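**Student:** Here's the letter readout for the chains.
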Amino acid sequence: MRVFLIGAGQVGSTIVEALHEEHELTVLDTEASRLQAFSSRYDVAVYEGDGTSRKDLAAAGVEHADLVIACTSRDEVNLVAGMFARREAEGATTVIRTSSTEYVELWREGQLDVDFVVSSELETAHAISRILGVPAARQTDVFAEGQVQVGEFDVDRDASPQVLGVPLRDAPIPGDSKVAAIIRGEDTILPGGDDEIRDGDRIVVIGSPGAVKSWSTLLWPEGGAVRDVVIYGAGRVGSAIARVLIAQGISVRMIEASREQALRAAEALPKARVFHASGFDADFLERERIGQAQAGIFAMRDDAKNQYAASLAQVRGIPFTVAIAHEAVSVGAFDRAGIDVSINPRAVTAEEIVRFAHDPRTQQVAMIEGNRYEVLDVTTRESSRYIGMAFRDMPVHGSIIGAIVRNGGAIFPHGDDVLQAGDRVIIFTEAANAPWVVEAL
Amino acid sequence: MSQEVAQIGRPRRLAIDVLAVANLVGTLAKYLGIVTVFPIALALYYGDPVWPYIVTGLGTSGAGYGVERLTAGARSQLGVREGFLVVSAMLLTTAAFASLPYLFAGGEQLDHPIDAYLEGMSAVTTTGASVVTDYDAFSPTLAMWRQFTQWLGGLGIIILAVAILPRLRVGGRQMMESELPGPEIAALGERIRELARVLWAFYIAMTVVLTVLLASLGWLGIDDEMTPYQALAHAFATMPTGGFSPKADSLQGFSAETQWIIALFMFLAGMNFVLLFRGTVRRRPRLFVRDEEFRLYALLVLVASAALLVQIWGYGIAEGEEAVRTAVFQAISIITTTGFATTDFALWPVISLLTLFALMFSGGSAGSTTGSIKVIRHLLLGKVLRRELDQTVSPEVVMPIRYNGASVDERTLRAIAAFILLYVGFWAVGASVIAIDSAISNVPLSPLDTLAVAASALGNGGPGFGITGPFGSFAPLGDVSKITMIVLMWLGRLEIIPVFVLATRHYWRL
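Just so you know, the protein sequences line up as chains A and B, in that order.
Counted the way our numbering counts, the first sequence spans residues 1 to 441.
Counted the way our numbering counts, the second sequence spans residues 1001 to 1510.
Chain B on its own, in the form it takes in the complex (with noise of 0.2 Å):
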């Protein structure tokens, strides 16, 4: 009795758990640190000094550990509110894990603290911005470190942790859906530690074989820059289609061969992991025919190589092979987010520039590694509009929107087009920031590189135009410009909503 009377005489103003919050960040964080044996082990072989990976891994660890003491009273079950604070705070922690070896050995490209957050969160988010300009300064195994961290971030440390942590079995499944991209659906069939398991079992597999195929192109002779430790970096940025180059000339020093591999790479990397999980190692490959989503995104990819093909090849920039590679390699690194360059399309006409422009607003399919739209959400709001355009012929017409045979859900529907409009919302007010930045700070970029700047960011890109062009650098922007980027980036890989809804009130008062 007296009980009852001391829960209604204390009120609840939060409607969300933050300390259980922070305590399963605090446990992420604990294991995130562990990671660091990876860098540490190449830190001995190389020589290089290995301190800055001890104390980044310590020092995630502990604070993790730490956080996660404090808040242990608090371990109550997570819901689906919690769920979202959860995922948008631990890519902003992962992110900081990431820099923090930039500030102990990055020397002076990168000891400003947002220059390497900068750094750090576009290698999570798979982005593969940089405001790096001297790479020779970067020791073997930092460099290798800035892939690294991208590699996790591909898949997503969430979507890890219920593959490997017991404690994410229950509440696991919704900050799941918000890490793995595109839009929700059909509820994931499979339970998510078996779907999870597979899905990064697939992603290790496939940067196995990657690597594998470039180091052997290395081996044969067939391109003698591809050393071991470049085949690594180049799969470890290739899979999460994020772009990092440990060269500042990104791809262009490498063989047609290894161009082409890379190609074929990423474009599989920015189909569907469950769907090409299911063609190919269960081996039923009529499931690519069949799939919508797949059919549209190879028609983009060849609509897009062909379209540049005519434009390079007209304008003298490349012919026969070699302008072939360029277009393909540029549109799928540009449609899947990957942000590689085997030239500098900087230098492009300006019509190729709006194309590789509109390819930013492309993105791969749901369920891959790749950023931006996705070509499932476009898909889906064709045929809306579609359908909008006969209803308003035919009022009464009953239209059920189908996708791959089974009619979708109209509040996914909704989700799609919300979605897609606070997409082109936060593009439109990230690159007016940059605009405005970038004019007060004097920094050389035209209209057309702030828009692509934004967009670039916001959907995991990577390079811009003009001076932040492949072979550039983010390095001249402001710092309102960096941290304008930085919060897209963030937004961005989360697909905005988990991140937009924190924003709400309702979301925090009950």
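Only chain A is shown next, with the shape it has when bound in the complex (with noise of 0.2 Å):
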């Protein structure tokens, strides 16, 4: 596939990162700097230029993709970029970043002429209310409609010793789920009914949302379901998460330093209970009784900030914290803190618009690990040699099915189940597999 992303910034190399092993990557960005660090790590074609040029658009030859992203931080680029492309690409996708939920809105409601809206914002908001539902996870994502999640936990001390060293087989595991993967430092195993769980064991486990639930409940029986939050940091980011959480009847105060724009969130935000305060402030989170809330989500713009903020709140009480780590190397360091979660808005956005780059059949892929491992959901074709095996049967290749979506429904199979054509396959594979995968599906 001839992918044309337009912004070389951070979303777009993580884009390119994903994809430029299977793809034909052309990249447009106005500085020249980024692009030469580009040309120099992946093979892909780079051309410097403006994306709301359309002569610029049109000499880089956007007339051959197949995809375009435009994926630079700025709303009206991407939205004018998007809109070039259109024309200059008739047959092509495209696919635009925007800050703004109102683009989205607008693009849900069919006044915006590309194809698909990602929102950064959103993504993240919709991350962190997946996190929530599942405290005990690092990342958890859905698929097939929302009727099958994959969650990543960390196993520890904490995790109830039914499940601790017990091997599969005996242990209560939650019916509807698998354990597709335990990441025990650099190794990793797909486990059958012999293996066990250890403490400082990582495991992948795909399930329904009910399963991956109390898979959270079996592996930190002390965190329950998160009704009181705090969101340090009311910007755009903070607003669409308190949004998010508020819909699902959660209750959201808001901590933010600056006046006007915690001002903005209080208007736009009237169930929210936003206060013009800084989140190091001694005296007000004492008042505030900011250490009796469940969850502490860190949303303020400096990664530091967040940071300091969140070993604030946890010395505090607080028993779950998540953190946006704006730069890619705050997840460490976030890790390192003993913060719970750490989210990267532009990885979630280029996880986002990576989908789009796959094989049509393949309709959402999740990256576990940053680019370790994926979760694919791939329909399965006539002609795949797997059709009619039983599960039991099927050979190991660095990839385990989670589960399988027929006739609308979920099923998440035993050992008897046998594998039809036209049933989608939630797949857990490494990253390297997930083209032979597809191929072999």
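By construction, these hints were calculated from the structure, which means they are not laboratory data.
Remember, predicted model here, so these are calculated numbers, not experimental data.
Backbone N, C-alpha and C define an ideal beta-carbon position, used for all residues, glycine too.
Warning: the hint list may mix true and false statements.
Stated by the list, open to error - Just so you have them, the derived chain B footprint on chain A, three or more residues with Cβ under 8 Å:
| hint | region |
| --- | --- |
| 1 | 264-276 |
| 2 | 283-295 |
Said to hold, decoys possible - The following residues of chain B were derived to be distant from chain A, with all beta-carbon distances above 10 Å:
| hint | residue |
| --- | --- |
| 3 | 1224 |
| 4 | 1384 |
| 5 | 1399 |
| 6 | 1411 |
| 7 | 1415 |
| 8 | 1436 |
| 9 | 1505 |
Make one complex out of these two single chains by using the hints.
**Tutor:** This is the structure in structure tokens:
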């Protein structure tokens, strides 16, 4: 597939990293220095030019593209670039990134002349709302219209002794779920019944949303359903998170240091309680009993502040912390600092966009552990040699089927179940294996 | 070059253009005189003396024309500053215009200029307080003039002028906002000319409907008292929530059906006309349910009616349908600052008087023809106070005040708080002056009566208690008290601030 990318920022580079091996990429950006860094790292064509200039787009050869992605940090540029690309490359799918939920609404109403709109803020908010539903998880993704959920958990001493060190076949594992992988240090185990979960493991579970929630309770018995959340930072990201959580009936308090920002958030979100205060002000935190919140979400613009505020909040007693890491490197630092979950909005956005570059049979893809693993949602072909095969007989090729969607319903298969043509398969695989898996099914 | 030097050499001490204000007031007065064609026609029909109305009309138009000509050179652009003076001066002018026929044809009871002016001011501010004692002495034309001037003042002369005169297309917005009751929540969305026309058209239509309804009660024999003349007269006093009646006993002599219909139309007149227009003519009845001010207004009417019902039934003043009707009618009449009465409530027990007294501070909705503080200001002040309590506990919490979903500007909220303080302040000062004057001139007013008279005048309500009750008269009051009432009515109709800024030094001086 020929992919044309406008914008070589952080989202752009994450996309390039994910796609450069399988696809022909062209990257357009106004800054020569960024492009230089790109072309030296990846085998991609680069053009210096303006995404809002139709001439530049044409010169870079946009008309040959199958997929056009406008992912600069500026909405207006992405909009204009997307619309020009629509004219220049008629058969191509156009995807634009936006930070405005208003554009997402417009697109849903069919008012924007592009194929897809992806909003970092909205994707981040949804990711956080999923995590709050499964507080023990590092990351979760949903597939098949929400029927199948994939959760990534860190196993520690808090986990229930019923699963810790017990062979999987004997452990009280929720029925509608499957342990897709156990990551132990550098090793990845695609587990069978004899394998066991140990303290320090990281596991990937595929199951029904209910089953993944049960896993969360198994691995972190004290972490109940989150009803009360404090969000630090009431900017675009913070407000988008607040909006999504409020819609789920979660009570939201917000702390914002800028008066105007706080006022804007308070006006836009009548149900949120917004404070104009510093999240580092001990008196304020004490007076408002911030420590009694069940979860703290740190969505300020500065990663360092997010990390410090999260640590302070943990000291105050907030049991569960989720921090936004604007820089990819911060994820590791946050992990070290003991923040429970880190989310990089650009990575989330890139992940969302990368989905469009997959085979049309592949509906959705989640990336786990950076880019080491992927979860794919693939529709099986008539010609696949696995059709009619029972699951127990399937060979293990660095991938494992977690769920199938048949006639609109999700099935969590056991050894006797048989794969049928037209089934949608939710499959966990090493990233390097992904093209092969799609091919084989 | 020389011109510039000349300009620097001549210091301008006034911050406002008084001549331009006089010029506009002159123009408005010139056109105002024209409305005397109505009483002139009426006088010819009834065979009453025509000359008082001709003199009033020609005098007003002539004087207006004269002022306009004299100040013709100063026709500069009117700004926000001049607007306050225009509105304030125009109300004084209109009151004078309304009082002229009383001087010419009012007989003994109105021949004193202060009495005549009070009656005129009471009419154009839609107050309904009257110094008349002998209603039989009025000719039909003069009695109708009283009703008619009240109707004219209801929606306001300036708003009428904005609707009709091309000259007010520029600079009219500010003046219109001063005259339209209620705080400026949002800049009026429509073009003001359009809005002024809609308001007046709607106002006229409602008056016609009410007149026809009342008159048909007379035709159908349901209410023998309700002649077409009485129908028009009472419609003229209901829609502006004025409260004048050509009859000494207000609405007491009319049938239950008439009283119910008038109660309904007082209630409608106490609603926001823009809301009423959109909800009915534009057929969006849901707007009523969603409107916070309307909901509170309706609730207030309900609660006040229930309270009065319990009291008057409990005290055995009335029972059954009559008690319900009396309670609802009186509650609406006082809340909307109309001042009609179906019974002499001045004779009610103290607890009922206190209830009515409290209701005098309510008022109807913004954008209605009612006076007093208005429901929306109470609503927003309540929200501000609640936020104040919240912020006492949590000083950092940010809580924009919302009204109908949109957040309200802090300046507007400050203006509302300031208005209410000024309102209470002027009421207290006014009541004190009336109390002192009454003590000196031996007018039998109790302390509650004094407070009620001031509240009623400032709120453009009408009757007070005691000798100034609904079937009484303000005639026995001293001249100082009457002048105080005139000032209070003037302040109240324009919602204090446009008048009170005239008292600040920096309004006049640079």
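**Student:** Quick one: which hint numbers does this structure break? Sort them smallest to largest.
**Tutor:** As far as the earlier hints go, only 5 is violated by this structure.
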